[in-house]
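Engineer: Combine the two chains into a complex, taking the hints into account.
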Amino acid sequence: MTIRGAALIAGVYEHPRREIPDRTIPQIHAEVALGALADAGLALADVDGYFCAGDAPGFGPLSMAEYLGLHLSHVDSTETGGSSYLVHVAHAAQAIAAGKCRVALITLAGNPRSGGWERGAGFSKAPEAGFETPWGATIYAGYALAATRHMHEFGTTSAQLAEIKVAASVHAQHNRHAFLRDLVTVEQVLDSPLVADPLHRLDCCVITDGGGAIVVVAPEVARDLDRTCVKVLGAGEAPKHTNNGRIDLTHTGALWSGPRAFEEAGVTPADIDYASIYDSFTITVLVSIEDLGFCEKGKGGQFVAEGGLQAPYGRLPFNTDGGGLCNNHPANRGGMTKVVEAVRQLRGEAHPAVQVADCELALAHGTGGSLATRMGSATLVLGREDT
Amino acid sequence: MPRLEPSSTPLSEPFWEATRSKQLLVQRCDECQAVVWYPRDRCPSCLGDQLRWIEASGRGEVHTFNVMRKPGNPMMADLTPYVIALVELEEGHRMATNVVGCEPEEVHCGMAVEVAWDVELTDGRRLPVFRPVG
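Chains A and B supply the protein sequences, listed in that same order.
Going by this note's numbering, the first sequence opens with residue 1, and the numbers climb by one from there.
Going by this note's numbering, the second sequence opens with residue 1001, and the numbers climb by one from there.
No lab work stands behind these hints: they were computed from the structure.
Here the structure is a predicted model, which means the values were calculated and not measured.
Glycine included, C-beta positions come from ideal geometry on N, C-alpha and C.
Treat the hints with caution; some may be incorrect.
[What the hints assert, rightly or not] Stretch by stretch, here's where chain A covers chain B in the computed footprint (C-beta under 8 Å, at least three residues):
no., stretch
1, 1024-1037
2, 1046-1058
3, 1094-1103
[What the hints assert, rightly or not] In silico contact screen, one side only, chain A against chain B (beta carbon under 7 Å); selected entries:
no., residue
4, Gly130
5, Thr133
6, Pro134
7, Ala144
8, Leu190
9, Leu194
10, Val195
11, Asp197
Same shape as in the complex, but just chain B (with noise of 0.2 Å):
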């Protein structure tokens, strides 16, 4: 599946190298406690630089969605339509990816879903990417 590839920085190379093993990972602050999104060196909450990188669950649910007929880039006109949603991971933040593994009119604000690894980039790292629960 041909995606327009996330560029790996020093900050962001943890994240995405996990993707490789299908771990879903977030930072957490270790002094407030919150979980940071995306990837960054201070937390945006309290400027602690003290940030850790844990397993998400990778369960969340639809926080928005929408369909896309008309493809946001080349490498993804066959795709369409695709859906695109902000996911709430049951940690809280919200992330940007694909719902998959069902019709577009199906996807609902509030469907539960888990994280997939369907999509594998041509470099073995993979794009996290959700699906329906069950």
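Excised from the complex, chain A in its bound form (with noise of 0.2 Å):
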């Protein structure tokens, strides 16, 4: 079985804050959930499948159902870290395929930024757990690790990076609800304190409040709806972990969801017009790129230098709502917002100073958990209606 066509995106929603003290998680989901539904054209009663990931409190799908008021024939809690959301697009997909849902909603909320933000107590149980944080490590020390081997291997430098948070700035300033909108050169990446070497602070995504929704619906169902749709063409999932003590620190999961994604969708990286790359670190992007096929492993510095990612004219249009760099990455999860705008680009709804002209496919791609631990990686190939 294949999902190609089988399920199209009707409806996408981006929160527009990115600190909101005044909610509850639930209650950012809710509204999340009322933005892509209103956005689709359709009413929460349409709803027939729910997905949600970590970022869900209580009893996961179970409490959100309650809580929104959903009468559900198929649920979905699958968890892999920020990536979980193109999961949920993809296993949305399958459902729908296999006749178990129609209208497939899939949420994200959180409030990290005002809120604090702590991993679960699984984590204190995960059989790793002894092994790793007495040392004093934490999520950026595990990406600058990454980046400490890719520079040893490649000879990729600190500028190379920087480069691709100054494409990222060069998107933010368009978007008005970004949480960094000024744009940043090279030299100010650069001259940013270092948090652990050799990433610096600009290497680091925001840390922001907030969420975002995505339904996606059977092909009668959006036959009947007004709005554009944008079609599931493939998708590639491929957890990845420390392979008993032999961990590979310069390549992701991409490098096999990647490939499954492309071949599903009958399509190469050469074809795709736009990406939306996880951006949790610069590092994350670099990688992901080269495995997922856009550039010869290793060489990733180069294809991100002279302005290789930024739209509309790049070698590459990334990340053009800013990204997790710039933008927003809401509640430590950049899976949502990847989506959402590879949407964006599809429907020619992005800003016009970052549209990619003629945007017939596009990418989306996320890396869960850590690039020195294990990670999800997911790989959306999406295309315009009409293809």
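Structural biologist: Listed below in structure tokens is the structure:
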């Protein structure tokens, strides 16, 4: 079975705020759910499939279904960290193709900016727990480990990583909701304080409250909607782990999730007009671009230089909303906004300054977890409704 | 030196108890001979359940590292800048650790290191860290 063309994204919504101290997390889930359904021209009563990940409080989909008043024939709470929502789109398409639901709602919400954030209690019970944290590592430390090794093996430089932040800032200037809207230069990135060498503060994504939602529907539902929909053409997912203490730090699960998505869609990296690439840190983008096949392994630094990622004319226009690096990384999970901006591009609704002309094929890629330990990679290939 | 103290489980207890006598242990699978890291009760290579604790040489090289300017937890705020590394042991596994005994600027990928036992936890267990050889 293939999901090529089996489902369409009919609605998306990104919460406009980046700091939301006055709402609970379930409230934000509800707001974005209604936003995406309104975008699609559907109502809560139409939803028969619901998808959420670890950011949903309580009993996950059970608590949220109750809170939202949903009556469901299909639920899925696959948790792969920040990439969960790309996996959810794929699983929604699969469920729709199998006849399990017709209107699938995917939501994300969180408030790490105003409410603080800590890993769930489950993390302290993870089998690896005692063998990673006692030495003072944390999320950004892991990404720095991956960056150091990439630099060692391929000669990648901090200035090349900085180009990725610069491109995101070029795009964020045009997004009135972006958390960071100021254009930055390579020098400014390199002059920002080192957080964990070789990563600077400006190599890191923003920490924001917020959320987003996606509505995936069956073709017969899409036909009756006034809204321009986006086709789900292919999907790939791939967990990658430490491989019994032999972790390979210069590759990601994109090495496997990418080809699976391209094959299902029947396209190649060269066909992609726009790419949303998970950007928890600049290094995340660089390694993902290589592993997805947009350039040769180790040549990512050259690929991103000289405006390679800048819309609308770069080699690979990326994250035209400003990405997680400048715009939004709600709930410390960047996968939702990756899908949302890809849909905007395919609908021709990105900001005119960054809209890719004749955008027919887009890729969205997520990297949950950490480059230096275990990650969930997920890739989607999406196409314009008329593709 | 304050640290987040690793909890000991029945599975990991031999590893942590051996640190009291400054021994760095690792498991090896009797069936396929794979070195297993971190402790398990079945080998992730062949699912064999005959895992034997052996003493590692304690020598290896820095596979990768970073310099923590912003502490990973409040207990380590006074230690910045400190080095987190993945050290590849002679036995083949890569373990998270700290590199001590030199300036952070001197650490590099491929640097030869050996285990050091400078970090004693409050209950007498020790945290294996690594320092440059020689």
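Engineer: Hints numbered earlier in the text: which of these fail when held up against the supplied structure?
Structural biologist: When the structure is compared with the hints, numbers 2, 8 turn out to be violated.
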